[in-house]
Structure formats: C-alpha cells, structure tokens
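Sequences are here, hints too, so could you generate the full structure?
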Amino acid sequence: MTLQRFVQVVSLTLFLLLLTGAALHYSGWLPLDMFLGLDPAAALLTGLAARVWLGTFLAALALLVLTGLVGRFFCGYLCPLGTLIDGAEACLRQPAAARPGLPPQWRRAKYALLVFCVAAASAGLSLAFLVAPIPLVTRFVALTILPALQLLADGLLQLVAPLADRFDLTRLLYLQLPLPRFDLQWVTLLLVLLILASGRWWSRLWCRCLCPAGALMALCAQRPLVRRRVSEDCIDCGLCARRCPTAAIGDDPRLTAHGECITCQTCRRVCPTGAVKFSFAPAKPVAEKPGVILSRRGLMVTAACGLGSAAITLTGARHLLGETGTRRIIPPHLIRPPGARPENDFLRRCYRCGACLAACPTNTLQPFGLDAGLPGLLTPVITPQIGPCDPTCTACGQACPTRAIRALLPSERIWAKVGTAHILRQKCLAWEFDRKCLVCDEVCPYDAIELRREPGLKVAVPFVVENRCSGCGFCEHHCPVEAQPAIVVAPMEALRLSTGSYRREGRAIGLRLRLSTQKKVAGGDETVYPVDEGQNGSGLPPGFSE
Amino acid sequence: MNSSRPAPPVHQLPGIPAPGAMNRRSFLKHNARLLLWTCAVTAGLRLPRVKAADPVPDIAVAVGSRVPATRAAVDLLGGMGRFVKPGQKVVIKPNMSFGGGPEDGTDTHPDIIRELVTLCKEAGAARVRVLDHTLRREERCIEGVQKACELYGDDVVQAVSRSRFFKAAAIPEGHQMRETDVMRDVLEADVLIAAPVAKSHSGSGVSLSMKGMMGLIYNRGVMHSRYDLHESIVDLASLLKPALVVVDGSRVLSTHGPGGPGLVLKSDTIIASADMVAADAQAVAMFEWYGRKLQPRNVKHIRIAHERGLGRMDVENLTRKQVQVG
Chain S
1 MTLQRFVQVV
11 SLTLFLLLLT
21 GAALHYSGWL
31 PLDMFLGLDP
41 AAALLTGLAA
51 RVWLGTFLAA
61 LALLVLTGLV
71 GRFFCGYLCP
81 LGTLIDGAEA
91 CLRQPAAARP
101 GLPPQWRRAK
111 YALLVFCVAA
121 ASAGLSLAFL
131 VAPIPLVTRF
141 VALTILPALQ
151 LLADGLLQLV
161 APLADRFDLT
171 RLLYLQLPLP
181 RFDLQWVTLL
191 LVLLILASGR
201 WWSRLWCRCL
211 CPAGALMALC
221 AQRPLVRRRV
231 SEDCIDCGLC
241 ARRCPTAAIG
251 DDPRLTAHGE
261 CITCQTCRRV
271 CPTGAVKFSF
281 APAKPVAEKP
291 GVILSRRGLM
301 VTAACGLGSA
311 AITLTGARHL
321 LGETGTRRII
331 PPHLIRPPGA
341 RPENDFLRRC
351 YRCGACLAAC
361 PTNTLQPFGL
371 DAGLPGLLTP
381 VITPQIGPCD
391 PTCTACGQAC
401 PTRAIRALLP
411 SERIWAKVGT
421 AHILRQKCLA
431 WEFDRKCLVC
441 DEVCPYDAIE
451 LRREPGLKVA
461 VPFVVENRCS
471 GCGFCEHHCP
481 VEAQPAIVVA
491 PMEALRLSTG
501 SYRREGRAIG
511 LRLRLSTQKK
521 VAGGDETVYP
531 VDEGQNGSGL
541 PPGFSE
Chain Y
1 MNSSRPAPPV
11 HQLPGIPAPG
21 AMNRRSFLKH
31 NARLLLWTCA
41 VTAGLRLPRV
51 KAADPVPDIA
61 VAVGSRVPAT
71 RAAVDLLGGM
81 GRFVKPGQKV
91 VIKPNMSFGG
101 GPEDGTDTHP
111 DIIRELVTLC
121 KEAGAARVRV
131 LDHTLRREER
141 CIEGVQKACE
151 LYGDDVVQAV
161 SRSRFFKAAA
171 IPEGHQMRET
181 DVMRDVLEAD
191 VLIAAPVAKS
201 HSGSGVSLSM
211 KGMMGLIYNR
221 GVMHSRYDLH
231 ESIVDLASLL
241 KPALVVVDGS
251 RVLSTHGPGG
261 PGLVLKSDTI
271 IASADMVAAD
281 AQAVAMFEWY
291 GRKLQPRNVK
301 HIRIAHERGL
311 GRMDVENLTR
321 KQVQVG
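If you read the protein sequences in the order shown, they are chains S and Y. Start counting the first sequence at 1; every next residue gets the next number (my numbering). Start counting the second sequence at 1; every next residue gets the next number (my numbering).
Hints listed in this document are in silico derivations from the structure and should not be mistaken for laboratory results. Values in this document were obtained by computation on a predicted structure and should not be read as measured data. Built from N, CA and C at the ideal position, the CB exists for glycine as well. Warning: the hint list may mix true and false statements.
Partner residues are not named here, just some residues of chain Y that face chain S (Cβ under 10 Å, in silico) [stated by the list, open to error]: (1) 98; (2) 164; (3) 298.
EDC-like, lysine to aspartate or glutamate: derived pairs with alpha carbons at most 20 Å apart [what the hints assert, rightly or not]: (4) Y:121 to S:168; (5) Y:167 to Y:181; (6) Y:167 to S:165; (7) Y:293 to S:546; (8) Y:89 to S:165; (9) Y:167 to Y:179.
Computed beta-carbon distance windows for the label pairs [unchecked claim]: (10) Y:179 to S:25: 33 to 43 Å; (11) S:456 to Y:319: 44 to 54 Å; (12) Y:285 to S:466: 33 to 43 Å; (13) S:10 to Y:188: 44 to 54 Å; (14) S:148 to Y:188: 26 to 36 Å.
Structure, rendered in structure tokens:
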C-alpha cells in the first residue's frame, strides 16, 4: 500500500469514527467539525453570504496557505469524499480503452462553479450546501449510511439476544442502539452516487471539474514551493501522463499543471528512470504546463449569472431569506432548533452538513424540504412527531460548525423558545370526545398545560399557557391522537437571537419558562398551587370521581 | 372477594378433553391439585402453632427512614423469602418515568429500589432486573437509580423502549383491552415486584402500582385514546399482577401529578402488600390529595379492580400492621 492510500484510509476512518461518535451520542471525541472546518469553499461562501468571520475559518485559511506551499495534498490525501471517489473508481473502473477522454476545457467548470457561487454568496445566498464537498460527504455519511448501518447492527443484536439472555449478559441483551431516521435522504444519496458512479468513466471527475473547494485550492497551488519536477533523466515515455489521475501532466511529461495536481506522486512511482521528484530546489527553471482558468469574459458572464440567479432566488415569495417589505410566509412546521439565529443569518451560515441532525439524541431534527424555497432546503427543523426537543439538551448547538445554532449554556437553554403549542380542539380526546386523557399535561416538562373545567364539557380540558410553553413538542410527540396529533407546535413567538441572553430577553417579554423538575416545593405552598374546586364537576381533584 | 366472571368449564376450552376422559394432562392436573391441597392442609395444621401470635397482615405500613422502613414493611409481610425463592428471576418495576430528583416526588426513590434489590438478593434471587419503559429520555431517567444500584452491577437497571423487547400477550380477563405487548423479561420472570412512588395523576387520580403497570407495556397511548383509561388499567392489572407491592410514600406528590411540580408531602411511609389493589387503596386512604382526604373508591380504577375481584379496596376490613423505624 502506498503512503497516499494509507493516509487516505486513516483520514477516512477518523472521519467515520467522528461521525459514528456523534451518531451514537458519545461525547469526548475530537471535535466533529474538524473536517468541516477544513473546507475552504464552505468557509468562503458562508463567510461572504453571512458577512462574518468565524474562528473556524482559520483552519480553512491555513489549509489554503499550506496548499500554496505544497499543492493540493488535501484532495489527494485527506478529503473523505476524494477517498470515497478513489474507492468507487477502484470498484467500478472500466478498462482504459473503454473510458472516454475528458476534454481539458471541462476543467474550467470548477472555476465557473466557484465564481458563480461566490457571486451568489456576495448577494447573500450561500450555496455551500449544494457544492461544498465536506458538508456534502458529512451529510451523506451521517444521514444515509450510518442510519442504515445502525439498523443492520440492531438486527444483529436482535439475533444474539437469545444467547445474551441465556448467558445473563444483561448489558448486551438491553443494548439499544439509536435508530435515527431522516427525511430526504435521497437528495444527498443521489448527488453522491452520481459523483461516485462517474468513476466508471473518469477518474476524479468531481475533483477535477466540479469541486469548488478544489478550485480554490487549485488557484492557490498554481506554483507551490514543493512541486513536481522532472530531471534530465526523462525519456519521454509518457507513462506518468497516462497514469496521472487528474491529467495534470502535459504531452511533454516535463510540464505540470500544478493546480490540477493532487500530489498523489503516482508519476514519481511509475517513472522508469526516477526522473520525477516532488522537491523544493528546481534543478533549473522549467516551463509549466498552463492550467486552464476562466477567461476574463467567462469570468464576468459567470459572475453575472451567479448574481442574477441569487437575485431571482431571493425574489421568490416563499423563502425566508433577504429583505422583507411585507410579512413572510412561515411554514407552520418550520420549527428551528433551540438557539438558531434569526432566520436570515441562520440560512446564510448553515452548511446543511447534517452534524446537528446526527447529534440530536431524540432524532427530532430533520432536513427541511422545499416549503421555504431553495434557501431552506435541507436545513434542520424540529419534528415533534418523530421526537421531542429535550429542554436540557444542547447537542445541536455544540455540533454546529458555524454557530448557525448557538451553543447554549444550560441556564440559557431552557429559555430558547422554539415555538408555541396549540390545541386542535376538534381532534382532542378531552375537548371533542369527553375522554379523560391529558397526556399533554403529563408529559409537558415546562408545566405549560392547564386543565380547566368548561361549561358543557364532562371532563377537564387542556389549555396551553403560552408564556410557559417553549415549543419543545413533548405534548405533540406523546399525544395519543393518530394522524395529526391534537396538540401541535408551530414556530409562533420563537426566540431568535444573534447575540445576548435568551433568559434576559425571555424575561423582558414576559415568558415564564422553567422546567417543572426544577421547581422545589415545600409543604403548604397553597398560593402557588391552588386547588381548582369543581375541576370535574364533582368537587374532587383532577382524575378522582365519586 | 367477589369474582366477576366465572371461568368457563374446563372441558369447554379448546384442547381439553371432556370430563371422564383421563389423559396425561388431566392426570397430572389431578395429581398436582391433590398435592397442593395436601400441602395447604398440612400447612394449615402447622400454621396456627407457629404463626398464631404473629399472623401476616394484609397490609404492612412502616413509618420512618426510607431504607429501614422498606425492609421493615416487607418483613411485616413475612419477609422477602415469602415472595422470592432461591434461584428465581425477579423483575422490579419502580416508577422511573420522569427523571426528577427525589425532592420532586415524581419517581420512586433510588434508595428504596436498591433496598428492594438487596432484599431479593438476600432471599436468593438468581437474577434481579429493575425495568421501566420511561416517559422521558431513558439515560436521564434511570441514571439516579443506576447509581444507587451500582453495587449490584451496572446492568441491573434498564430503561426499555424498543419494540423487540416486548412480546404480544393476551389479556384473557380484559374487558376492553384484550391484548398488549408486554416486556419479554416480565413475562418470563418468576416474580414481579411493583415499587411505585405515591403520586397524584391528572388523568387517573393517583398513579400507584396498578397505573404503574403501564410502564411494562409497549403502547400505552391506546389506553388513553382507544380505551377508557381506568377500565384498561384494570384490564392490564388482571394480566400483570405483582407478587408484592411496595409503595414509596417517603414523599407523596399530592398535587399536579404525575409530572409536577406539585405539593410534595414528606410522609416517610412505606406501604407493602401482596394485594395490589389493597396497597393502592391504603395509599389513597392514608395520604392527603389536593389538601383533602379521599376514599379508595374515589379512584375509579381501584373501585373497578375491587369489583372485578382483583383485590380489595376495603382496607378498613383488612388486617394491617404498622411499625415505626429509626
């Protein structure tokens, strides 16, 4: 195994381990956003669109500087997507004769894509989620591959359960792997499968022609300090040019397009005369093979297209991004995670990497569809029917690489109101069917459900006390009414702050959020808990009867 | 005790031959019955001499510090050895649904659960598991109890929620709910012990041992939506009858149960009984609910259970022993 393959395997393994750790909700691992932070395209587009400088961009910047020194080593060695592409190619590759060539000008596409996205980002629309490689591969692994593997592993556990029981291995018997489910997996799956399938005909098509992070690094690596150099021993056999996975070597094998070179060093290894070196000192200045870069005209046209596309997207009626002279149409199920910044800022920062979704212990966070336009695609939303949002959990904020979701302190967390519950009385067992149910009251961690006696109704019925409700969705999740619960959360009155304290803001606007388990009650506190006489018409406390 | 539904004659059941036809099964049955009667009669001959001075009460009440009180209450009933035989598999079902601290009164006190595990181990149980299908996040709900029971290994306490841990079970005596998915481990255990905390419940009045059995099934939502909650609680209790009930009345969540926050009474009381209805009834009668005294019959599922003959709520007619511990 070559050094390149070894490093690739180690890097991919680390990447998968970090994501698996996140998916199994282990803490104490290296930061999950290690790889995400390295993506220069995601950093550039997000920084431009949101007009922010984030500490996490430093890593990407450092990578670009390093690329300027030693070339696109990230693509050749570290990129998990690059490794997957190489792996897929090894499996799918057609014989060389059957592989069509790749016209060199196709390689311009990556610069065009980059320019297009940069122009769009400067207009405030970040397309990082569609094109940046690391968020893409993170989402691919975290939202499609790992859940499937977890399901299979759970099946295996089920198979060994009788044995575990037989030998009293209680821990193995009761091992419950999280079994997350995610919406819209096929969007990411399709995109990545297309990229991987292209390996049948072209090697590293994505890296050479499309990847905007690759384009950025290629721009930095036009003449790196350490680069491919060919000595006088070259016999013009052309083997290196034929083996180069990115076609970075010209017809004259002495010439290199360094921007295309991923420093895999295949050329050095295959050279029969040992003429190829990757080194500092030039034996003597040699000509370089010119890389393909956009023409000035191409640049202007592409930038104009990017700007124009962004402007057209931003004038769509349904999306939530940009200036709003009138009221927005907010989809009732677009409930943002706790600590999500104001929508504009949130949408521009969000990588759609799926890190928060994978980290969410209740699986309530799901990728959103197109109901809020393209800018809302694949952004995280709380889906109470799948799981409630634990009011003490800050996993999503901790996982977010761009702090689109703020990492909240526990004391702040319970004040991060994501919405408000309301009761659909026509479906409610108590309101409509005179049934004693009141599960919503039982499960509400904020004690925001009040049971009152209404004239004409046989049982006490639930009311939501708005300023005690945080929108966590326990009620909606546990409501026994099927096919649309009778109590649902909508993002009404959600607190969205880019800075400052949720607690202070919440108090200022009259919220009374506190967890019921936090309230200490000593004996005889009659003023706080008055007994509502006649709650069920019999003068007895709730749940009792004559 | 009045039995509501007489069982159909044995020979009408499928697979049972008509009377007179003696086969292996009926032969074994006859002999087993004979053996039981012999035992019962012999025991009856022996008991008066040994136990006359100290008859086992129907209900035991121990007041005082929670851990010794737990032991004292079980001892009053004749000790754990009466319920758990050496080599048996025991499941303890406390209320661990809410993950509140002991001061919230929403969950059984971890110390009491540990003491019950200890008692079972002392009685020679081969295996003790503390199980609940928790309402809130599993790890958080059980962590306190896990810590308390560390001594017995880190796998004694389990929160169970996956469907694969449950198995369909018919409820032959069910009026409304005739089938449900019950934890496999409970179905396979030799002894079930209920250890609920005493608390009020906005839907069912109180949440005690009978209501607590809802924590052993997979889908309890239907008990709210499809069935009458009280009727189905009794249906479930007809299937899952704990051999022993130990009610944690060390604190009583007197108002705004089951989740609280509510008025938490410091009552330092443990109630134990082999009759789940009697244990629940005793707890209802003994503590104040929403600032007033109520009767067991004010709780519909206790009343129905009594009427169906699952146990007795007329605690005034039952024998009760009470001790004070340090």
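Now for the hints, and whether the structure bears them out:
1. 98: holds, 7 Å
2. 164: holds, 5 Å
3. 298: With a minimum Cβ separation of about 5 Å from chain S (threshold 10 Å), the hint on residue 298 of chain Y holds.
4. Y:121 to S:168: holds, 16 Å
5. Y:167 to Y:181: Satisfied, since the Cα-Cα distance of roughly 5 Å is no more than 20 Å.
6. Y:167 to S:165: Roughly 15 Å between the alpha carbons, so the hint for residue 167 of chain Y and residue 165 of chain S holds.
7. Y:293 to S:546: It holds: about 13 Å lies between the C-alpha atoms, which stays within 20 Å.
8. Y:89 to S:165: Holds - the C-alpha atoms of residue 165 of chain S and residue 89 of chain Y are around 12 Å apart, at most 20 Å.
9. Y:167 to Y:179: holds, 10 Å
10. Y:179 to S:25: 33 to 43 Å: holds, 34 Å
11. S:456 to Y:319: 44 to 54 Å: For residue 319 of chain Y against residue 456 of chain S, whose Cβ atoms are near 47 Å apart, the range 44 to 54 Å holds.
12. Y:285 to S:466: 33 to 43 Å: holds, 39 Å
13. S:10 to Y:188: 44 to 54 Å: Given range 44 to 54 Å: holds, Cβ gap about 46 Å.
14. S:148 to Y:188: 26 to 36 Å: holds, 32 Å
Consistency with the previously given hints is maintained throughout, with no hint failing.
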